[in-house]
Amino acid sequence: MAQPLVKKDDDRDDEADYSPFLGIEKGAVLQEARVFNDPQLDPRRCSQVITKLLYLLNQGETFTKVEATEVFFAVTKLFQSKDIGLRRMVYVMIKELSPSADEVIIVTSSLMKDMTSKTDMYRANAIRVLCRITDGTLLTQIERYLKQAIVDKNPVVASAALVSGIHLLQTNPEIVKRWSNEVQEAVQSRAALVQFHALALLHQIRQNDRLAVNKLVSSLTKGSVRSPLAQCLLIRYTSQVIRESANNNQAGDRPFYDFLEGCLRHKAEMVIFEAARAITELNGVTSRELTPAITVLQLFLSSSKPVLRFAAVRTLNKVAMTHPVAVTNCNIDMESLISDQNRSIATLAITTLLKTGNESSVDRLMKQITNFMSDIADEFKIVVVEAIRSLCLKFPLKHRSLMNFLSNILREEGGFEYKKAIVDSIVILIRDIPEAKESGLLHLCEFIEDCEFTYLSTQILHFLGIEGPKTSDPSKYIRYIYNRVHLENATVRAGAVSTLAKFGAMVDTLKPRVFVLLRRCLFDNDDEVRDRATLYINTLGGDGAVVETGEDVKEFLFGSLDIPLVNLENSLKNYEPSEESFDINSVPKEVKTQPLAEKKAPGKKPTGLGASPAGPPSTVDAYEKLLSSIPEFANFGKLFKSSAPVELTEAETEYAVNVVKHIFDGHVVFQYNCTNTIPEQLLENVTVIVDASEAEEFAEVASKPLRSLPYDSPGQTFVAFEKPEGVPAVGKFSNMLRFIVKEVDPSTGEAEDDGVEDEYQLEELEVVAADYMLKVGVSNFRNAWETMDADCERVDEYGLGPRESLAEAVNAVINLLGMQPCEGTEVVPNNSRSHTCLLSGVYIGNVKVLVRLQFGLDGPKDVAMKLAVRSEDEAVSDAIHEIVASG
Amino acid sequence: MESCPSIKNILLLDSEGNRVAVKYYSDEWPNNSVKEAFEKSLFSKTQKTNARTEAEIAMFESHIIVYKFVQDLHFFVTGAENENELILVTVLQGFFDAVGLLLRGTVDKKEALENLDLILLCLDEIVDGGIILETDANVIAGKVASHSIDAAAPLSEQTISQALATAREHLARSLLK
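Line by line, the protein sequences are chains V and G.
Under the UniProt record's numbering, the final residue of the first sequence carries the number 887; numbering is consecutive throughout.
Under the UniProt record's numbering, the final residue of the second sequence carries the number 177; numbering is consecutive throughout.
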């Protein structure tokens, strides 16, 4: 490597000396520009002045309108010179000045003359400049020349016209669209770049005509594209066509896949990569389709060029999210990238490995990461932390080493976002892996001993208050909490007081000690801390004796507010001080905006501290609260499961409706989340008429209409069905949205008085067996399996018929049962002929179910499956078999 | 998504992060101070990396940036986050090599400033309004040089005639290939 010639400080003066622009000043240069007006032009001198002007502009200097216009007029004089070099500078100068100067249009005639010149360079540049300053009327005048230029023999001229066409399409589409014959001809050009520009313009002209794009792609994929850039474009257009045709063409081979695959053997790396990336991004890509793309990306991983490695690892990282198995082949190459000098590459490599690795490689990976964490930036560390979290959820047995890793990095230096990511991850692990709870809580305790972020301290104290009392030895946390009362700011102290009180309330034996500590807080110098201490001493009661805490006290301390905070805030703002005290019952309980927030993150697990039991309620809690606040549904009992929202309308329709299925023991409630996307309409009395004729075991018992549904403010309507108790009844329901529609005046926002009744057909919805199964993981499947009574085991074999792949069959069965895959067994290694998958869940009636699935390939594509079920109830074991048999 | 590959900016900075020549094609950077802030932080982020033998790459503020250094000059090309990295690096290489040809191998800040007109013309020939015009260094340099054919060489006569000779030579060689 060449030694960089770094200038030392002592010769900085020399360095400044040799700049030809030393001491340059705008006023002086503007004076110099007068040479443009000389009758005898000196081209060399003029070029120099233009260069100086461009230098000033480039350094960020601005010219006033008057200055710019003056220079501009002077520059136009230079068209008299025949000097080619000067003319070239003039073109650049005009482009730089055109946004700020007035009357740029006066150069039109000079430029039009150049545009028809015999010199190619004049023609090409005049076109580019002219199109930059042109307007609609002028464009019609020069249109004829532009069309000619597009098919000009000189590629530079043709490209200039085509690129200008791409820019003009934004402002004058109707004119540019008239050029499509010429552009079409240019697509066949032998010059590489002309072809590229012509293809880009042609596609933009036709982009809204699906059929035309389709035709364009089919004719070009047969092979007449020479330029790598044009080939990249063609790949992009092809994947667009594939995506759009996917809906109509479910079965059979994917159209144009062969073309993409062929591009993997192109000689330009740019094209190979574009094609590989396009393949990995295909909707529902199969592992057979993926394999060739992964193979070329794998080759790139060991390239000497960082850009190539980066491109490949970034793409593989994305693939690993959806098809981890497909990427496992690259693991060896990926591991050598962990020590890559380029930290972006290293981070992407390591997070990919975390996604694709198996249980045995975890420890080794962790060791490598530890070495490398200290020298990457915070934003990359967050990526690593998130990857570790999902890894830990995938392999709960490894929680010890992963938790240790998290606690170690928690102790190191880092910014707020990074620390928050770590704390969130620990909280999630504590929640999802019972074995990790105690060690996790202790790690958090140690962290707050030396935590500079008030927000994190209070959140952790709150979480401790909920989880700490439930552990085997709650007393060991007291010290950490009480230390906060001594050492922290008022906010944290107040939080610590509340947490102490929770321990006192939940653990009767600790109550006297907590009482003493709370008394000391009465002398705090912050009033909030004192107030809380007083309040808790009174509510706990018993004067510090070991007594049981009353239910209502626990409810007060742990129960969360069943009123949306927004509504409470509004009501408090509206409350005027008077004789009548504020009545908390008057606050409306209806949640207005919540479904929208949910829609934004469908299927996302609530994460972090927000999801801890007493934080803002998690989805299930929120649903439960919502449903129990509706009197019609209040007596349905405990909510067993709420499904993820199922869309009942296509995207971008007038009304967007999705449904959440709430399963109760003897009832099913459909919650229809409706959004009105028409600003000129107000919907009232919105109901869903459900036809349950294809669901014999269900009988409609109640429905709750939505009074009004204004534009873009989601609302819910409910329909409840009765079904045989504890029975996993299934059925199909067809839905019709019925409402009264009122016109809204868009200027005033007021609705008319009279409305018209109308209906809107929604898609069908189905209640399936999986709706009665809760996804609940177990950390050690073998143990759980052994402890389950073998008498309740039911084993049978099934033929699944021809399948796309083993992985596809495994996924199908998992989805059918709706159970939680354990220990990462949902992932099927490539090319394997057999696979075992472990599932666990809780069936309606709170029956724990474990399933062991053994798949084998029988012949080329036929999949056979052995299904072993153990559960706490043999009837349930039978029921699981029935689900599979009928599915 | 199915759009034409586009370039957001091309930057040529010196070894302290100061501008030699820059060109922005995207209005994501509305004014000069935002541009300068971007250049400064990009410079400090990439300063310590070794981008002298091979072009390097970084993700920065949701852009993909490819860059290459020589002597006291730092070349950058910025594209969108989902852009094909290899297209960006082709543009970078085209710019880098074209400058090398035009400065006849002596690529440093001094030469670049003395031949700033060539550098600016070079930028003008590579990208037009964000759309890639040409990526072949020989063609780019050939176009820039041929424009100055009849001009008395600006600033340094010897430089330009030699640049021309080199550029022509390269052009000829590429044609013979």
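By construction, these hints were calculated from the structure, which means they are not laboratory data.
A hint or two may mislead.
Computed, partial: chain V to chain G, Cβ under 7 Å [what the hints assert, rightly or not]:
id, residue
1, Leu22
2, Gly23
3, Glu25
4, Tyr55
5, Asn58
6, Gln59
7, Val92
8, His266
9, Glu274
10, Ser302
11, Pro306
12, Val307
13, Met788
Where chain V lies over chain G, by a calculated footprint (3+ residues, C-beta under 8 Å) [unchecked claim]:
id, stretch
14, 56-68
15, 76-87
16, 96-102
17, 120-133
Positions of the beta carbon are idealized from the N, C-alpha and C atoms, including for glycine.
Now the hints, each set against the structure:
1. Hint on Leu22 of chain V is violated. Least Cβ distance to chain G is approximately 10 Å, over the 7 Å limit.
2. Given the 7 Å rule on beta carbons, the hint for Gly23 of chain V is violated: about 13 Å separates it from the nearest Cβ of chain G.
3. At a threshold of 7 Å, the smallest CB-CB gap from Glu25 of chain V to chain G is about 16 Å, leaving the interface hint violated.
4. A least Cβ separation of about 6 Å between Tyr55 of chain V and chain G falls short of the 7 Å threshold, and the interface hint therefore holds.
5. With its C-beta approaching chain G no nearer than about 6 Å, Asn58 of chain V sits inside the 7 Å limit, and its interface hint holds.
6. Nearest Cβ of chain G to the Cβ of Gln59 of chain V: about 6 Å, under the 7 Å cut. The hint holds.
7. Restraint check, Val92 of chain V versus chain G: the minimum CB separation of about 5 Å is within 7 Å; hint holds.
8. Below 7 Å, beta-carbon pairs count as interface contacts, and His266 of chain V has none with chain G, the closest being about 12 Å; its hint is therefore violated.
9. At its closest, the beta carbon of Glu274 of chain V sits 5 Å from a beta carbon of chain G; the interface hint therefore holds under the 7 Å criterion.
10. Interface hint status for Ser302 of chain V: violated, as the beta-carbon distance to the closest one in chain G is roughly 14 Å, over 7 Å.
11. Here the hint on Pro306 of chain V is kept, as its CB sits about 5 Å from the closest CB of chain G, short of 7 Å.
12. With a cut of 7 Å, the hint placing Val307 of chain V at the interface with chain G holds, because the nearest CB-to-CB distance is about 5 Å.
13. Restraint check, Met788 of chain V versus chain G: the minimum CB separation of about 49 Å is more than 7 Å; hint violated.
14. Counting residues of the stretch 56-68 of chain G whose C-beta sits closer than 8 Å to any C-beta of chain V gives 5, which meets the bar of three, so the coverage hint holds.
15. With a threshold of 8 Å between beta carbons, the proposed coverage of the stretch 76-87 of chain G by chain V holds, since 4 of its residues qualify and at least three are required.
16. Chain V is given as covering the stretch 96-102 of chain G, and this is violated because 0 residues of the stretch bring a CB closer than 8 Å to a CB of that chain, at least three being needed.
17. Here's how the stretch 120-133 of chain G fares: 8 of its residues keep a CB closer than 8 Å to some CB of chain V, so the rule of at least three is met and the hint holds.
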